[in-house]
Amino acid sequence: MATMEVLERVGVLVEDNEALDLLSSAGAMVDKQKGRARIPEYLVKDACRKAPSSFDIYTRDMKKIRIGPGKTTISFGAGATYVLDLKTGDPRPATKNDVEQLARLTDAMEHIELCMSPIIQDVTRSLVDVHSAEAMMCNSTKPPWVCPGDARQARYIIEMGSAVAGGLEELQKKPIILGLASPNSPLRLASHDLQIAKEFVSRKLPITFINCPNNAATSPISIAGTIVQTLAECLSMVLVAQLMNPGNPVAAGPSPPITDMKTATACFGAPECALVTAGSAQMMRYYNIPSYASITSSDSIGIDAQTGYEIAWTAQLPMMAGINLVNGIGLIAFCEISSYEKVVIDNEVFGGLKRILRGIEVSDASLAVDAIEAVGPAGHYLSQKHTREQLPKERWFPKISNRLSIAEWKKEKADLWQRARREVLSILETHQPKPLEKEKRERIREIVNEAERAAARS
Amino acid sequence: MSEKENALEQISRAVQGYDEATIFSAVKAGLSMDIEPGEIIEKGIAKGLRIVGEKFERGEMFLVDLISAAEPAQKAVREILEPEFKKTKGMKTLGQVILGTVHGDIHNIGKNIVSSMFFAAGFQVLDLGEDVPAEKFASTANESKAAIVGASALLTTTIEGQKEIVESLKASGLRDKVKTMFGGAPCTPEWVRQIGGDAYAMNAMEAVKVAKQLLNIKE
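Those protein sequences? They're chains X and L, same order as listed.
Quick note on numbering: the numbering used here labels position 158 of the first sequence as 158, and the sequence is numbered without any gaps.
Quick note on numbering: the numbering used here labels position 171 of the second sequence as 171, and the sequence is numbered without any gaps.
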């Protein structure tokens, strides 16, 4: 297999002595001076056996969220530095208040199960992820998927998670946070990223390994080559995690942009991205590791038809390939902008996609021969019991998609973007997530203040 | 065509052929004919890059072609021609640009693409690599005659390094002598304004345009 060949012949750079030692003791061929580890197939197979093929995380309410085969768990999208202002429609820097509002919005969304955060621009820069965690934990019961920028922030965030869960042990038993660390493409496990991974794995907390292979720049231009490299990077991180803590829950996969050949921009909405994620979904299933992919991020700057088709193909392909965990909700403009309206639009699309993925039921009831006979030639079905009974199973109920006639539409001429904005404003006005208990909120605030004091001192 | 013109044409063609060995031998052949290094660059290398660049603008060629031409050409300039310049007068370029990824950050693909694009556009590039302390940007700006210092950061936890560079330049008394440009995923025009930087660029193409604007170079 190409991936095994890459791991054995080319290997990975591992810029951390502890990880190198673990790999070496386990049987990898390690050149300690160069920091290069060549990994034999049996070690990878071993890691895939040890890593659980599915695991659970929890909402604040202790509702279980399965991450594994048979389901696509959907998360908000991280990393934007801007949001689309709800009043003007123009991009402006993301604020902590935006993260709070977006968490509240996520809390109300039927199909989104995890919170994630844009990059806050109006707080201490070295503590953006700590502030994000606070904003998410206090404004939604849905678990925050955290991507701490360094090990120090990871520690603060885990402390905050423990406070919400009622202690580290409780957090370990029923994790209400999900971690993230990344290999650096191509084939480089950097010290900084391994330190972050260690914070989660040493505490036996679930973590996702997500690479960002820039097709044609930091990964081969061929889709298959990008997948091979992705697998090599992700599986080597999975291996390190399993060596540190056998059985540590992990998910892995790509957030794969393509390098545009005219502008050098990293684009996330291309059909090639969808092929990489779909292929990775299938390959991760082969390795029995819960699979991850980034989806729905569109490359248009506002919300337009391009947004629509890019959401559709980047989401549908990996979902049909059985992807287990996805994020990207709300993202446009190469993941640089989070849009409140797009959150609602993404949620809408997922409703439709889930209907598509439910497929065609073939049963005596669904084949409807009796109903067809009852109605007979030239009859109609609208008053049939069969129609009423099958309705909830057979139909998706869109919330914001247009179903109005031309005449009705003419009264207001509101397009999808406007209808989505209306929905956002209505939700933000009325939806109250279950509040976090006062003592826990205060404890989290204490941790954030502690972090701020420590940052000011250094 | 004279022998000299022929040699220069060979260099231009070699650049358009992307093969490092061919480019190197064509450049060396030119030097052995006593062609001035400056002319080798202007009429050989830059000519080849211009042709690729024009085809790129017209949509006939792509980013891969630009970088495939610029990278080995840049290497030839660095390894064969720059030592020659130390013997004669300086190289005529649009200006010298210092580039690097900030301290604590190892992400370099964006910076590498920018480096190639600057070179292809006619700038002289001093690439300091990755994980570069702010003082190194300042000291290099001091030693060379850099017109622009550019830095990229990919992490929220390292982006402060861009602020440190501006501060380091101020401390060295260089703030008024060089223009600063910043980019990278967490970087925004607002951030650049906040730290007192001169310009922001979203991608490599924009970076070249912005650099020319900063130095008042006409397109």
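Rather than coming from a laboratory, the hints here were simulated on the basis of the structure.
It cannot be assumed that every hint is accurate.
Mimicking BS3-like on lysine-lysine, the simulated pairs with C-alpha atoms at most 25 Å apart in a straight line are [claimed, not checked]:
| hint | chain 1 | residue 1 | chain 2 | residue 2 |
| --- | --- | --- | --- | --- |
| 1 | L | K86 | L | K163 |
| 2 | X | K385 | X | K63 |
| 3 | L | K75 | X | K262 |
| 4 | X | K262 | L | K212 |
| 5 | L | K163 | X | K262 |
| 6 | L | K4 | X | K262 |
| 7 | L | K163 | L | K28 |
| 8 | X | K262 | L | K55 |
| 9 | L | K145 | X | K262 |
| 10 | L | K55 | L | K145 |
| 11 | X | K96 | L | K163 |
| 12 | X | K50 | X | K64 |
| 13 | X | K50 | X | K173 |
| 14 | X | K204 | X | K440 |
| 15 | L | K75 | L | K47 |
Hints versus structure:
1. K86(L) <-> K163(L): Violated: K86(L) and K163(L) sit about 34 Å apart, past 25 Å.
2. K385(X) <-> K63(X): 35 Å, violated
3. K75(L) <-> K262(X): 23 Å, holds
4. K262(X) <-> K212(L): OK: K262(X) and K212(L) at ~19 Å, within 25 Å.
5. K163(L) <-> K262(X): 31 Å, violated
6. K4(L) <-> K262(X): The given pair, whose Cα atoms are some 35 Å apart, is violated under the 25 Å limit.
7. K163(L) <-> K28(L): 42 Å, violated
8. K262(X) <-> K55(L): Between K262(X) and K55(L) the Cα gap is close to 11 Å, so the pair holds against 25 Å.
9. K145(L) <-> K262(X): 31 Å, violated
10. K55(L) <-> K145(L): With Cα atoms ~32 Å apart, K55(L) and K145(L) exceed 25 Å; violated.
11. K96(X) <-> K163(L): 22 Å, holds
12. K50(X) <-> K64(X): Holds, because 22 Å separates the two Cα atoms, which is no more than 25 Å.
13. K50(X) <-> K173(X): Within the cut-off at roughly 18 Å; holds.
14. K204(X) <-> K440(X): Roughly 22 Å separates the two Cα atoms, so the pair holds.
15. K75(L) <-> K47(L): Judged against 25 Å, a Cα distance of about 16 Å means the pair holds.
Of the hints listed earlier, those the structure fails to meet are numbers 1, 2, 5, 6, 7, 9 and 10, in rising order.
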